[in-house]
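**Student:** Sequence:
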Amino acid sequence: MSGYQKKTGRGPFPEWWPELHDVPVDRTSTWSRFMRLPELLPGEEVLIADYVHLNSHTPGRKVRIDWINHTWCRDVVPIRKGEVEDIVRDEADSLGLRYAGIRQGPHNTESVFENGRPTMIWDPRTGRMKKMQRDADWHITVVFGHNINELVLHGHIYINWDGLADSHITLVTNPKKGGGQRQWFYDGPEVCKQYWGTIRGDTLPLKADAEVAPST
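Here my numbering is used: position 181 in the sequence shown is 184, and no number is missing along the way.
These are calculated hints, taken from the structure and not from any lab test.
Just to be clear, a hint being listed does not mean it is correct.
With a straight-line cut-off of 30 Å between C-alpha atoms, the simulated BS3-like cross-links for lysine-lysine are [said to hold, decoys possible]:
#1 K65 <-> K196
#2 K210 <-> K196
#3 K196 <-> K133
#4 K65 <-> K84
#5 K196 <-> K134
#6 K180 <-> K134
#7 K179 <-> K210
Construct all of the structure, not just a fragment, from the sequences and the given hints.
**Tutor:** Here you go:
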């Protein structure tokens, strides 16, 4: 377990680093297993509230983007939704993947983890348990795969935004502490995006020339 995993308690999902790992191919998680939902019947597809097919930067290819949490995308102006989809499409393209699920649109909170599990608290408003939240840098929570039932990575893409409908949403390009584009509420690696594998305890494929992991 890396230093970052120990400090955050995110636990057994393996960290994926582009300079260290190849994109997984044969160790994939199905949609149902990763989302902890009942297994799909043969030929059945997950019901998604909103989805779009965007042209890949590779001619003749398209990237499918699903809005899993549809509340955000229906509450904002179309141009903001389009900016998020472009950011996610470009990232899927850079990974060589053709599927992206937006688990949560732009937000500036994150779940609190301990020993690899989210900390749950009672919500008197709903009368149910919910995940404890804390402040975080603005980000999009995503899952990527070869298709909707071959998911290989999940994580965060950090963005520049102030939460206002008339403000553009752009990708963070300078994540450095002190003078960069992230506020840094908590310690962690200085990255613009961060991913984990989708199978707990998995060993992600190393690049042939990988020698050391990034410092955390």
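**Student:** Now tell me, hint by hint, if it's right for this structure.
**Tutor:** Hint check results:
no.: 1; hint: K65 <-> K196; result: 22 Å, holds
no.: 2; hint: K210 <-> K196; result: 19 Å, holds
no.: 3; hint: K196 <-> K133; result: 26 Å, holds
no.: 4; hint: K65 <-> K84; result: 18 Å, holds
no.: 5; hint: K196 <-> K134; result: 22 Å, holds
no.: 6; hint: K180 <-> K134; result: 28 Å, holds
no.: 7; hint: K179 <-> K210; result: 26 Å, holds
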